[in-house]
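> Residue numbers (our numbering), protein chains in the order written: chain B, 1 to 387; chain V, 388 to 850.
Hints in this document: simulated from the structure, not taken from any laboratory.
Check each hint, because a few of them may be wrong.
In silico contact screen, one side only, chain V against chain B (beta carbon under 10 Å); selected entries [to be verified]:
#, residue
1, M473
2, V650
3, P654
We put the CB at the ideal spot given by N, CA and C, even for glycine.
Given next are the chains, with one letter for each unit.
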Amino acid sequence: MSLSGKAAIAGIGATEFSKDSGRSELRLAAEACRAAIADAGLAPADVDGLVTFTADASAEIAVQRELGIPSLRFFSRVDYGGGAACGTVAHAAMAVATGQADAVVCYRAFNERSGHRFGQANKGGGSGSQAMEFSWHLPFGFATPAAWVAMQARRYMHEYGATSEDFGRVAVAMRRHAATNPRAWFHGRPITLEEHQASRWIVEPLRLLDCCQESDGGQAIVVTSAERARDLPHRPAVIAGAAQGTGPDQMMMFSYYSGDLASLPAMGRVGEQLWRQSGLGPDDVDTAILYDHFTPFVLVQLEELGFCGRGEAKDFLKDGGIELGGRLPVNPHGGQLGEAYIHGMNGIAEGVRQLRGTAANQVPDATNVLVTAGTGVPTSGLVLTAG
Amino acid sequence: MRQRDLSEARDAPAVHEELDEPAVHEELTALAARLAARGELPAPPCPDPVNAPMIRHWTQALGDASGAAGAWRDVAPPAMIQVWSMPGLVAQKAGSVADDPLRLLNEHGYTGVVATNCDQTYDRYVRVGERLRSTMRFGDVQGPKRTAMGEGYFVTWFQSWYDEDDRRVAEMLFRVLKFRPRRRGGGGRPSGAKPGRYPLRPAVGPDTRYFWDGVNDGELRIQSCADCGALRHPPGPMCPACHSTNRTYRKASGRGTVHSFVVHHHPPVPGRTPPYAVAVVELEEGVRIVGDIVGCEPSEVEVDMPVRVLFQHMDDELVLPRWTPADAPEPEGRDERREEPDQEPDGALRIDLTPTFVIATALATRDFTPVHHDTELARAQGSKDIFVNILTSIGLVQRYALETVPGAVLESIRVRLGVPAYTGDTLTLTGERADDRTLRVRGAVSLGDHLTATVTFKEGDAQ
């Protein structure tokens, strides 16, 4: 039995992406869900499942109340920060495929710029297993996501000779794409590699322009059966593969204690499952939405997912390799570096637009799209195909 | 001038700067360019020659014992340099080169002001009896920047001091933030922090206590399975190899190599002075551990560099295992308790900020601004109480530096100012040698960091 082809994304909806929404996170969640449900041609009363991130501040029952959904019969949460993004859709697809729900809305909404900012120094606290993980790191001033990613990036550079310029090419590509995407925060504001190289250090070897922006906003995704989706207004984005994954000795961004720091085994685990479930491979992918909170992990993902060999990503992305018109257009919407940081959920929406043929930077005849979630953490991914 | 911590917002990543009022911005930019083009201008005179009585008042007020010991018989403490050109108790202060831009900003709603930086560079120590003159020149205006205090501009200017032969003896950079006060609160510091307490503390549980006990005893302990012998770090309650819950530990040699590392610059981390290096260290025993690297410049750290462990007191209670180049000389002391009996257990300098201290130091630095001696006036101006003035803060950094590195000759003191040091609080100065010529100093009060500073010593003179 396989999940492949059983469920589809029928609706997407979002708030505007900003630096100061001026509204509560619950309101952003409700607005995004309402827009997604309407986009799917459904009414709130048709929804019987809700899934969000463990990290989300708005409870499923709170969203249910705002939308006037009479009752729910499926609700779940997915943990580990941005690693949850595709996992929410995976949970929804499993619920739909097994008859536990008919229509599930996955949502993520936050004021990550005007409210609690993840990029600031982590204060730790608590006494559970995650507090213990943090205790091996925070006391040394090793306290920000940029620092945690930089530790792996340095080893990757050491092993494969990648440079800050190689990371910069990712930022340049994302900003180029965002420049022609009207919904992107950095619409009309491309950057050059020289500007990347001139940007200040955040945590060496990461510069300011290696780090994604911070955003306020909400994004929601409606999942229903592939069969039902065919009767709804938009061309379905069929879920051909949906997977979660962790690696050996997995930690929350500190998986340094065994194995290879220049790799992301959790993403490798996700990739294997996606290809197996979907019967597709890297060559079949028309465009990839790769989680880009920090540029170095875009390179490592290209390797883990089989688009190129170990250490070869720097060559893969040279000469516009991941730009529109390149060998694999990555994040045509501009990614989180260029469009907005909505914890990866806006990338899923971009994947759906590419399959519908309605994206701002449309990849011609896109029929298979890969989407990944947060890296360095337990993660998830999707393969979507045009239904 | 009030001091608050701005560093948090100023240095946060992904701060996107935008212009709200292009007109003000242009006027300000043009004014700054005109002022900068004027170059050095005469500043208010130095009323007295460098003299012994003022030096004695200063050393007594700041508690600088080296003064009584005769260190300042022939030359003045370098951090006193600005004192020589302070006007004293006068009805109206003379103008500053930065008055016009500050006024312009005030008129456009940037009514808040906080000092953010005071950097002094000493060409040489001045001698008792010398007559000095000083000049000022405008630096620049940077902004608008979004900060924790609100949107604002950083305004920088310089003061220089010359001897009778027109040779420069010292220069000072002074920077303030002029900001639009935020409507929301914010920019505050977490409350409840104890003065002098290192803020980054591990949670310790039943599965990890042996490690932290070991660190307190000067041992680096690595968990080993009591049944199959597998080593494991970080530890856990069940051996993943044989599922035994019988645990013991092995004392590690404390030697390893850098497997990977980072150099932290931004955003600010409480209790830390950037830049600093943190590494994954591969131990000789074959397990890895994360820790920060001290005893060398961050730029000197490399992958595969051999390192050894140090156990350092961060405050009265917490010891951390840190790492230093394997060939580095023994730093300030593996255990300061034994080697430096005169100092506090952790090498910290603690100063009770009594009203006498705050007022005596303000007057000894010839700073008669009421917020440093008049409680009622300070409160009327929105302060909690009277607070330590900047000339004293920089003087205390000098005192700490010379008590930590006796006999050194100072080349510069660069101070980044944070929260105010109010009377009634305790100021705790701690430091870390970055290398032979560099000492990083942190001055903490209950509200957070009052200052972070970098002190450099002249070559060959440091011990």
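> May I ask which of the numbered hints given earlier this structure violates, with the numbers listed in increasing order?
1
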